[in-house]
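Asker: Below are the chains, spelled out letter by letter.
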Amino acid sequence: MPIKRALALAWLAAFAAALLWLALRLPSEGLETSIFELVPWRAPNPAARAGAEALRRQVEGRLLVLVGAADPARAEAGADAYAGALRGVAGLSSVACAVPGGAAGRALAFYASRAAGLLSREDRDALAGGGDGLLQAALRSLYLPPGVGGSLGFSQDPLGSFSRWLADNAALAGGLELRNGRLEADSDGRTWVAVSAEAAPGLDEAAMRAMDAGLERASAEARARGADLILRSGFAFHEHAAARAAMREVALVGSASTGLLALLLWVAFRRPRPMLLALLPAAVGCVAGAAAVLLLWSRVHAIALVFGSTVVGVADDYGLYFLSGSYDGPWDPRRRARLARGPLALAMATSVLGYAALLLLPIPALKQVAVFASVGLLADWAGVTLWYPMLTRGLQAAPAGRAGAARRLRRAWPRWGGWGSACVAALALAWSAAGMARLKVDDGVRLLYAHDAALDQEQARVQAITGVGGATGFFVVSAPDPQTLLRREEALRDALAGSGAPLWQAASAFVPSLDRQRADREALRTALFGPAALAGRLESAAGQPGLRRRLLRSLDAPEPALTPEDWLKDPVSTPWRRLWLPQADGSVESLLLPGPGLAQERLAALAPLAARVPGAQYVDQIESVAGLLGELRRLLALVLVAGGALVCGLLALRLGWRAAAAAAAPAALGSALALGALGWLGLPLNLFALLGLLLLLGTAVDFGIYMQDGGQRLSSFVAVHVAALTNIAAVGVLAFSSTPALRAFGLVLAVGCLAAWLSAPCFASPDEGTPLA
Amino acid sequence: MRAALAFALGVVLLTSGLRADPLPQDLHGRFSQSKAIAGLTRPLLSRGSFALSAGKGLVWRTEAPLRSSVVLTARGVFVLDQGAPRRLGAGSEALALMRELLSGDAAALARAFTVSRPEGPPAAGGPWRLVLEPRPGPLAGIFSRIDARGGAFAESAELLERSGDRTNIRFSGVQPGAGTLDKAEEALLAD
Chain D
1 MPIKRALALA WLAAFAAALL WLALRLPSEG LETSIFELVP WRAPNPAARA
51 GAEALRRQVE GRLLVLVGAA DPARAEAGAD AYAGALRGVA GLSSVACAVP
101 GGAAGRALAF YASRAAGLLS REDRDALAGG GDGLLQAALR SLYLPPGVGG
151 SLGFSQDPLG SFSRWLADNA ALAGGLELRN GRLEADSDGR TWVAVSAEAA
201 PGLDEAAMRA MDAGLERASA EARARGADLI LRSGFAFHEH AAARAAMREV
251 ALVGSASTGL LALLLWVAFR RPRPMLLALL PAAVGCVAGA AAVLLLWSRV
301 HAIALVFGST VVGVADDYGL YFLSGSYDGP WDPRRRARLA RGPLALAMAT
351 SVLGYAALLL LPIPALKQVA VFASVGLLAD WAGVTLWYPM LTRGLQAAPA
401 GRAGAARRLR RAWPRWGGWG SACVAALALA WSAAGMARLK VDDGVRLLYA
451 HDAALDQEQA RVQAITGVGG ATGFFVVSAP DPQTLLRREE ALRDALAGSG
501 APLWQAASAF VPSLDRQRAD REALRTALFG PAALAGRLES AAGQPGLRRR
551 LLRSLDAPEP ALTPEDWLKD PVSTPWRRLW LPQADGSVES LLLPGPGLAQ
601 ERLAALAPLA ARVPGAQYVD QIESVAGLLG ELRRLLALVL VAGGALVCGL
651 LALRLGWRAA AAAAAPAALG SALALGALGW LGLPLNLFAL LGLLLLLGTA
701 VDFGIYMQDG GQRLSSFVAV HVAALTNIAA VGVLAFSSTP ALRAFGLVLA
751 VGCLAAWLSA PCFASPDEGT PLA
Chain X
774 MRAALAFALG VVLLTSGLRA DPLPQDLHGR FSQSKAIAGL TRPLLSRGSF
824 ALSAGKGLVW RTEAPLRSSV VLTARGVFVL DQGAPRRLGA GSEALALMRE
874 LLSGDAAALA RAFTVSRPEG PPAAGGPWRL VLEPRPGPLA GIFSRIDARG
924 GAFAESAELL ERSGDRTNIR FSGVQPGAGT LDKAEEALLA D
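So the protein sequences, as listed, match chains D and X. For the first sequence, counting from 1, position 29 maps to 29 in my numbering; every step adds exactly one. For the second sequence, counting from 1, position 30 maps to 803 in my numbering; every step adds exactly one.
No lab work stands behind these hints: they were computed from the structure. Among these hints, one or two may not hold up.
To be verified - Below, a list of computed lysine to any residue pairs in the SDA-like style, where the Cα atoms sit at most 20 Å apart:
no., chain 1, residue 1, chain 2, residue 2
1, X, Lys829, D, Asp71
2, X, Lys829, D, Ala73
3, D, Lys4, D, Phe15
4, X, Lys829, D, Asp186
5, D, Lys569, D, Phe15
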């Protein structure tokens, strides 16, 4: 057959070209991994994104460990031992326990020359109200025992306002305070000493293991020195724990899955050639799909490749179907090709149509999935119909014993019809409906990671002790120049303070705008020498003739203005420089991070305040990712309905209404039971469960088709069994994953496949099957 | 950090008991304070009472011209005037020393200060003079010298700060025993 041969050769040439294209393109191709790319219109604007990105980089590598003991000396010794042990660990840098000496002195020296322009919010309010309270406090402090006064001498800071400003700023760092040259806190009857370090990102498995071992050793040494509790916090701890869980899982699930697959194929075909040919199409489809995506798009999302290949792996049962013909008696490749042509074409067309429905979504990554899956399945189908008749020449028929067992199994299989089956179906659907009524939607990001409960608890305690780090939301402010930025930050902080949230880690807390410095200096001056006459009253109450005049002179002495440029250059800004993000175009952005004690729950209520300040916006990566997953879920639900309708329409067109209903029944039943099982098991309905349904649609409809066209052939029966079981073995085992999202995905597929598999033979058509034209 | 200096009073009072046996003991009494602050023309005079509780801390109560209490414990320095006690950030070198002295570790003093006795070792119960100069470290940056005198107990102390502030304190009516404390002071000591 020259045309067939030419087509087969053309297919081979196209495939070779795709393989070559892939080999050339893929290694150089930067894959898109940002989750925001999935839904472009939900992505925050560039400023918020850059802010979030900068923050993420800062946060990801940071480890903060609190070493605790009831006796402070033991806690300190333990922390020193812990830090000492960490210093030798590869992948960890900037290990710090001791704080460089004189940090407090440096801050005092830097800010003191600008003391009059620096007022805390409370003092600004008190001065506006006349300042009587401040006067009383100032007088009292004159008589305190030596050393209990403010940070600056009386003549420089008569009302103590600068000392309070400095103390407020020191408190922004959270519950840790500088003692003995370390950062310490007292809580729960223990003294906690902080040890911090930077963990290198993107470690391979061996490096990760080495670092974890180093951290364990450090804990052991700290315990040996008297520490009785060690609390770990930091993204790297969670990342490593998740990676360890994933590795265990990959090893377990991977070997279980591979073993099951091999066993299934061996039971079904027993010979290496058919076993190999059963697996080949999935690989072919992945190559073709990936090549098509890379041809059409310059930026490819990693999700498109990962999910696309899963789809191809699951939905592709054409090779299996073709090979199951070995159960229909002596092997005749030409006859098999003739009989298989119709069902294979319909199975391919319905799957491609179902996945093409993803093209309806305005989401590039999902369009890529659609193209990947459609092209992959199309290439598989073409490969199987064109090449398998040649590749399977001389294949042996299935052993008589095995075929006999399959035949007996088929004979015993219940048939649809009568009250009995209607009752079973009604029961199953009622069970599903009850389960679905319990379904809860949860788009939370937590579902994407396996969580170590002990680490979560330690992290929460660290946050409670230090008072910072629990919130994921923050504000980003942008402005054309630094002073405008500081003014905008101040406006935002004023609004936030008005809503009861005064503590924010922000550049303007350390460097007020020049306008505010001027206004604060004026307010201090007015309170001291204006109608309230605090200076004069201080003079007479303390019996210090001439005090007022001297204060006036010192306040009139020129003070250098405090500018962000000076601040950024000085070491005092070191812990806070991350808040200040200069942009390439000369504009500036800055972050306002929640200060101590500001809980995440309150942030959402504060978010609208950003609208009052130009250039300000609220960002919550975690919340916005969850919102995005929810949006994707709603869109995907629409696609499922649209795809399902298209598939039913095509089936009806090809098979007639009755057979179409019988062909669609297993997929419908499988979907219903899968959703019911999710509900009964308390697993959330989210994007990943729906992706599982989408995959199910592609594979379960094939089962129905195989049992319609040639429903009485043993090969169809066997193909459905092997295809369903291989899917369960390959992807359904994810139902045992420790990652909730994967668990939902795997469960939907496992339950759905199981139900479709068990029900498909019940709907088998009575005919032997004639090849459709 | 300056709050760290308040402990100097505790040091003086505690060391006044150094010669007695056993160490340390509860003391209470009255004081008058004259504080010369850099930039002010006249010294500021005040008076009040104190109570030293061995193992717990020191309550320093100014009664005139304005009322306020400073409570020093191993946990920090607290000021009680109106409302809730304010905690002042205290350097832990000072607090550690305070803790050691309160628990009777006399050698701790020599670790933090150069201790000299310009008038020689005192006779039992006789007059004594003790000059303390902080050893290099955070304390030395703020604080230059304590000069204390006493007999059976501390009688006077002069405290010099690097800022130039000079405080003279005279103790009177010092006697063993816990003295009377109000509720807030009691609570801070008990913590």
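Asker: So, for every hint listed, does it hold in this structure?
Answerer: Hint-by-hint comparison with the structure:
1. Lys829(X) x Asp71(D): 16 Å, holds
2. Lys829(X) x Ala73(D): 18 Å, holds
3. Lys4(D) x Phe15(D): Within the cut-off at roughly 16 Å; holds.
4. Lys829(X) x Asp186(D): 18 Å, holds
5. Lys569(D) x Phe15(D): 60 Å, violated
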